Amino acid sequence: MPLPGLDTFTNGKGYYENEDQLIEQLRKDVAAGEKIAGRKPTSLVLGALGRCGSGAVDLLKRIECGEIKEWDLAETASYQCLLLFSWKNANALLVGQTRTIP
Amino acid sequence: MPSGFPTLHARAEAKPLEHRSCLTPTTTKKLLDAGYPVLVERSSTDPHFARIFKDEEFEAVGATLVEEGSWETAPKDRIIIGLKELPEADTPLEHTFVHFAHCYKNQGGWEHTLARFPRGGGTLYDLEFLQDSNGRRVAAFGYHAGFAGAALAVKVTLQSNATITSTNNNRHGHGNLPIQVVCHCPA
Numbered sequence: 001m002p003l004p005g006l007d008t009f010t011n012g013k014g015y016y017e018n019e020d021q022l023i024e025q026l027r028k029d030v031a032a033g034e035k036i037a038g039r040k041p042t043s044l045v046l047g048a049l050g051r052c053g054s055g056a057v058d059l060l061k062r063i064e065c066g067e068i069k070e071w072d073l074a075e076t077a078s079y080q081c082l083l084l085f086s087w088k089n090a091n092a093l094l095v096g097q098t099r100t101i102p
Numbered sequence: 001m002p003s004g005f006p007t008l009h010a011r012a013e014a015k016p017l018e019h020r021s022c023l024t025p026t027t028t029k030k031l032l033d034a035g036y037p038v039l040v041e042r043s044s045t046d047p048h049f050a051r052i053f054k055d056e057e058f059e060a061v062g063a064t065l066v067e068e069g070s071w072e073t074a075p076k077d078r079i080i081i082g083l084k085e086l087p088e089a090d091t092p093l094e095h096t097f098v099h100f101a102h103c104y105k106n107q108g109g110w111e112h113t114l115a116r117f118p119r120g121g122g123t124l125y126d127l128e129f130l131q132d133s134n135g136r137r138v139a140a141f142g143y144h145a146g147f148a149g150a151a152l153a154v155k156v157t158l159q160s161n162a163t164i165t166s167t168n169n170n171r172h173g174h175g176n177l178p179i180q181v182v183c184h185c186p187a
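Just so you know, the sequences run in chain order A and B. Mapping to our numbering: the first sequence position 35 is 35, numbers consecutive. Mapping to our numbering: the second sequence position 61 is 61, numbers consecutive.
There could be a bad hint or two in this list.
[As the list claims (entries may be wrong)] Heads up, incomplete: computed chain A residues facing chain B, CB under 7 Å, no partners named: (1) Tyr-16; (2) Glu-24; (3) Leu-26; (4) Ala-31; (5) Gly-33; (6) Gly-53; (7) Leu-60; (8) Leu-73.
I should point out that these hints are in silico values taken from the structure, not numbers from a laboratory. Note that the coordinates shown come from a computational prediction; the quantities given were computed from them, not determined experimentally. Heads up, the beta-carbon is just placed ideally off N, CA and C, and yes, glycines get one too.
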């Protein structure tokens, strides 16, 4: 089933009015998910000390995610541990990849 | 009023859900103060293409508003600036352009896009190659790319799980909803 588009979450507009509106909605999403699952979402940010990563961590904190694993070079030096985490423990969703989609 | 500087013509973005702008009102004012004539296309009235800055904000700092899409018939000595790629077409491109054409990482259709420039005698200055004096890319993923990417990751993850009840097993055999978000943010 295709996921709903941005219109669905923005009253048909296709964009959020401001950052607070986005944050508020995501907080509610997280709270609703917590009710079903009995726990908050956990997250892992790879490259957490970088420009992108610090933005990701801030967002996750603001929407009151559960555990936020902040990994950077020290934690990801071993590629094997990265693969283990991605494939065994996570319902992985990768964002902010270097692959550029037009 | 001839100023000796080329006229900059900011396109209205033509990519759905692209609300960002190649110019802010602040940078527009800086360019005007430096002597560049700046024309800004009116934003689309379709909310999917609406620019985050209002037309009036550009007008207020002294830019001249022009019609959406008017770059195509604009005088050839204008520099056409934008953020993202042009709509797909085969027409020759005759102007000098500044934007991300997304052609240099083997993206689908890159050869058709790039062929339009020599065919019309136009030039592309791709923002991908804009560097500071240290050779470092100027336009790169930053704080807000991670911020927005994480928001998207959470949204998609929660939506994907929305139809699963807590009694279902996920593919790893765990009973709980597999709410996990992984953000990959390489430098």
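Could you tell me which of the hints above the structure violates, numbers in ascending order? Checked against the structure, the hints that fail are numbers 1, 2, 4 and 8, while the rest are satisfied.
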